[in-house]
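Since chain A is already given, all that's left is putting chain B on it; use the hints.
Taken in order, these protein sequences are the chains called A and B.
If you read the first sequence in full-length UniProt numbering, its first letter stands for residue 1, the second for the next number, and so on.
If you read the second sequence in full-length UniProt numbering, its first letter stands for residue 1, the second for the next number, and so on.
No lab work stands behind these hints: they were computed from the structure.
A few of these clues could be false.
Identical copies carry no separate label here, and so any pair may be met within one copy or between two of them.
Claimed, not checked - Straight-line alpha carbon distances no greater than 30 Å define the calculated DSSO-like cross-link-like pairs of lysine-lysine that follow:
1) 76 x 643
2) 471 x 580
3) 536 x 580
4) 4 x 173
5) 271 x 17
6) 76 x 642
7) 173 x 17
8) 651 x 80
9) 536 x 35
10) 502 x 471
11) 248 x 271
There are 2 protein chains.
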Amino acid sequence: MNRKRPVCDQLLQERAKATFQTLELTYLLDGDEEKTKRRKELEKLFHDDPQFQDEIPTVYLSHEEAYENALSKTLKIYQKALDLSDPREILTVADAILHDATPVHVHFVMFVPALMGHANEEQQAKWLPDALTMRIIGSYAQTELGHGTFIRGLETTATYDETTQEFVLETPKLSSIKWWPGSLGKTANHAVVMAKLWTKGECYGIHPFMVQLRDLNTHQPLPGINVGEIGPKMGLRSADNGFLKLDKVRIPRDNMLMKNAQVTPDGTYIKPRSDKLNYGTMVFVRVLLLDMLAFNISRAVTIATRYSAIRRQSEIVAGAGETQILDYQAQRYKLFPLIGLCHVLRGMFTILMEMYKQANTDLERGVLDTLPELHAISSGLKALCSDQASKGIEVCRLACGGHGFMLISGLPRLYATTVAACTYEGENTVLYLQTSRFLLKCLTGQHKLGQHSQLKFLLNPVASPVQPFNKQLYGLEGASHLVQYYAAAAHRELYFVEAKLKRLQAEGLTSDNAWNSSQVDLCRASHACIQYYLAKNYVEWVAQNKISPELRTVLAQICQLYLLQGIYENLGRFLQVGLKTEDITSMSDLITRLLDDIRPNAVPLVDSFDLHDMVLSSALGAYDGQVYERMYECALQSPLNKKQVVDAYGKYLEPLFKSQL
Amino acid sequence: MNRKRPVCDQLLQERAKATFQTLELTYLLDGDEEKTKRRKELEKLFHDDPQFQDEIPTVYLSHEEAYENALSKTLKIYQKALDLSDPREILTVADAILHDATPVHVHFVMFVPALMGHANEEQQAKWLPDALTMRIIGSYAQTELGHGTFIRGLETTATYDETTQEFVLETPKLSSIKWWPGSLGKTANHAVVMAKLWTKGECYGIHPFMVQLRDLNTHQPLPGINVGEIGPKMGLRSADNGFLKLDKVRIPRDNMLMKNAQVTPDGTYIKPRSDKLNYGTMVFVRVLLLDMLAFNISRAVTIATRYSAIRRQSEIVAGAGETQILDYQAQRYKLFPLIGLCHVLRGMFTILMEMYKQANTDLERGVLDTLPELHAISSGLKALCSDQASKGIEVCRLACGGHGFMLISGLPRLYATTVAACTYEGENTVLYLQTSRFLLKCLTGQHKLGQHSQLKFLLNPVASPVQPFNKQLYGLEGASHLVQYYAAAAHRELYFVEAKLKRLQAEGLTSDNAWNSSQVDLCRASHACIQYYLAKNYVEWVAQNKISPELRTVLAQICQLYLLQGIYENLGRFLQVGLKTEDITSMSDLITRLLDDIRPNAVPLVDSFDLHDMVLSSALGAYDGQVYERMYECALQSPLNKKQVVDAYGKYLEPLFKSQL
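Next up, chain A with everything else stripped away, as it sits in the complex (with noise of 0.2 Å):
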């Protein structure tokens, strides 16, 4: 699929429009010319080397050869990048390579972690060196079968036994079979199993325990355990997400991981010092999340719209010949705020990782006001930015009509790989609604905002007033001119629900019931929050990064269209604070000449991502964009086209064709 061709003329033409140095947004988006210099370093290592190149299609595999195949690869990948300093940076290429989990993607990104964040130094003596040299491979345990997102609600016990001095590992029914982690299926030897400790008659909650689950020897399951894989899902093929079955197993009481918590050999429990840490794994693993969203979001928008500047359909003057369907105002309209969101998640990312960065810091110096408010803010940016990446995805895949349709595109294995971040890491609308309980206690004072937090306005039962809507600006100033409505906004939606909450209360209603009971404008509440931290944050991106005034038109040019398209798909939220109907119309011209005005740059702005073939894996948005070829040549290698005549033919079709004659 990735064959060398001369690049087509229509995409020659496209580049040649460009307004602003592409190589210059490059290195913006990757953070600076250092790290896109060590990207293609690292793309040179791995994408132009043939043990990586596939002979057919990976969409093509079946499941196990799927597995086989990611498996086979993630080992040489390791190997080859023993000497890399940075296990993201190998992440990155390996996800990149394979365009899914690896079969030891929990293994580096949990098991890994766990045992550094939950073991001591003498576990970690005694586990660690195998695991980093993946001697052991291990998984991370913790959802069962019928409990997710609830913590607490798991079932799989941990009953110390003080006459051998073992836990005494149980999965007491069938909703408390582990379900759904990573590796546990095929892959992993040894898993951190999270389990109700018990001692003394006493349940202190989930602990972490290291299980060995296969034999060493002969990657058996020892016994008492009952592992395998969980079966096929909409994406994430090659990771063989598992289930565990645990039939009082016993385990050596040091197995527990103690740097925390600990159970001494008499039984008695010993509670962790604190538990903020959890908190901040959580965190982080949100935050890196938008970097992955942004790099999903940015190669579907790559693949279609180059195949939109390819295709022809249609004529938009009679009898003046067919038109690029990239020059419909309808196509242009799904495409160019989806690469706005690309940067603004690009952005995001950058500034919360920050932010990240600074929590631990200031959690360290005693101060403890930024966690749990950065914590509140990730919640729902994930929700959010999920939502919006994986509908982004669905938006490109139908952009390219049926081809979209086609496994070969690309497009639906990104989005089943994106849409899975809806659920997984904290269910959505959960999410929204802490987030939402978050910014009620604020208003409360049950919680309190940090020195510097974006969200102080909230405080304030009063809102703004709101500037009337100029249609004059244009660009940043226009961008910027936009965040005050997002502002008023997330304030009206907040005090909105935090007024129904009074009121079903007033009319006799519990304080969970109510809660309950506003469900709904919860969610929108904190989805208004989380959109007005959004924009604000965009524009100051756009407004504060050092770059060519090219670029930065550009970029503003982009930002508006994000920030105009934000509020005309959801103007109900807009009109209610100051927003006037007549407005509508100035909005709908201003996006007409945005749509136009950004036209000449959007293959240019796709361009910049720096996609390299192999990580689109997209017959449509190939670099060259020789769409058609690729397309016929994938065909022919479709597992139906092995044989002219399939063996269906003489076992069903020929009796039937010829029993009549």
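Okay, now just chain B, sitting in the frame of chain A:
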């Protein structure tokens, strides 16, 4: 997956809460009691027949296996159903059993109808008997690699050679290759090929030609024919969508289907009398699509609602025990309006089918204004309903949390099958634009609305004033009260874009360019008009059906909720036409009340769709509610679990683990 199990207590309790007779609703949704009985007979005939039971879930099959399985079952179904009178019945059963388009779907839905519609008597006598008994299986080859919705752009040519009295068929370029036709890849031995007719140096546009593709004895492609399958897609795995390259393929003159247009032996072209008939077929297909959409969304909402009654997660009142997730307001708000979507789609299908029959009668009587209007409305309805249904299915899938991501939930396949309808049979954006073009032409008098048209109020340049929002109105009265807002919004959006078109033309744009620069608002306008159309007909359907008061109460609650959500999620549109900011509070409270009132009937409402477990094919949604048992059993059958230690261990993991011992 469909083994009989006892019904779980939770669903027994849910079913005991019903305030109406589920069977009465089943009759209504099927059409009448007779139709329900007939459906049950067919179910007995097919669903209980062991030859249609799968040993493992079909989602676990490879692409080849899935095709072979579907082909085998389809042929058995047709054999068993030879005595059934209505082929649509057979197709419905087949689709329900296969959860996919069958490999002979296109044969019966397009190839045979094409023969009936385009072949003259002689030609029908020659091909139709063989087609009906499947001695020949045909495809319908229209779409090309480079052209879809824009028919005039098709590039395949059929050039008449009067010296041999043959047509020479040719796909001159890569982009002209026929691409997508169902059954074309491996199953069909014939195709109706749509090609540009050339004779005596003149081009007469697209016409249908009968082309034999494969040898009837060997099934090998005939000379000049390059045919194959296009490769796996996001869904519809069993349909062997194909490609077809024609290299100077000669066919006799009388293989041109000549019921309408003709070419005489000397190459003279004779025009068809009329092209209205093609128009009718397109409408018919779009009407049938509503039925399919209703079927698919009803499957998804049944699965998600039953699962939500089983699944317990977290607590509403701290310490009071875990809650059925169906008791969370946010979950109800996701699912209950989708029950309404099923109802309105089912009702709309019945109404539109009547209108279609009426339009045909009108046509025969020389009344010509019914069909164009029906065509415009059915285009818009197809777009709006396929959008709503596919998004609704995805809402159901995500409402099941991570488990909805597993193929055995049945939901990923339902989503893929349904979202395909957003791009096939006319891409949705193109259809929205077609509908608005028709409506705008009505405003200027270029089209005439039919005598009984429901859209006549649009012709009045001044909208009727809306009555103030009355929060006291509940149920049917409440739903009826909301329709006026939908009407006013439709009116406003249409005149909004008309004003925009005039403004742009006044600024100097040509009408073509003004049109293109208004596409965003044009889509919004037809969306609003069709949303009104749906709302109005939904309320009438609830009001006019002959049903018990108990049932009408429940249907009216669902209808009011559906219409309220339509407003609540799109407030901007309605705040512009008389809805007040203060009304939003009342709406929120009314939604809260309805979500509570509908709750006891949630499971009975989805039970009324009366979907056989085989039709649902979901581990989460079966009638007995034994969710976790089924999930665990299915997981054990996963392809990766055939061996406890997979081959990849010996190949890749063992060397890794042991090399470092």
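How the hints compare with the structure:
1. 76 x 643: between (32 Å within a copy, 24 Å between copies)
2. 471 x 580: both (12 Å within a copy, 25 Å between copies)
3. 536 x 580: both (22 Å within a copy, 29 Å between copies)
4. 4 x 173: Only across copies: residue 4 and residue 173 sit 21 Å apart there, 56 Å inside one copy, limit 30 Å.
5. 271 x 17: neither (65 Å within a copy, 46 Å between copies)
6. 76 x 642: The answer is both: 29 Å in one copy and 26 Å across copies each meet 30 Å.
7. 173 x 17: between (64 Å within a copy, 28 Å between copies)
8. 651 x 80: between (48 Å within a copy, 18 Å between copies)
9. 536 x 35: within (26 Å within a copy, 58 Å between copies)
10. 502 x 471: Result: close only across copies, 20 Å inter versus 39 Å intra.
11. 248 x 271: For residue 248 and residue 271, the Cα distance is within 30 Å only inside one copy (25 Å; across copies 83 Å).
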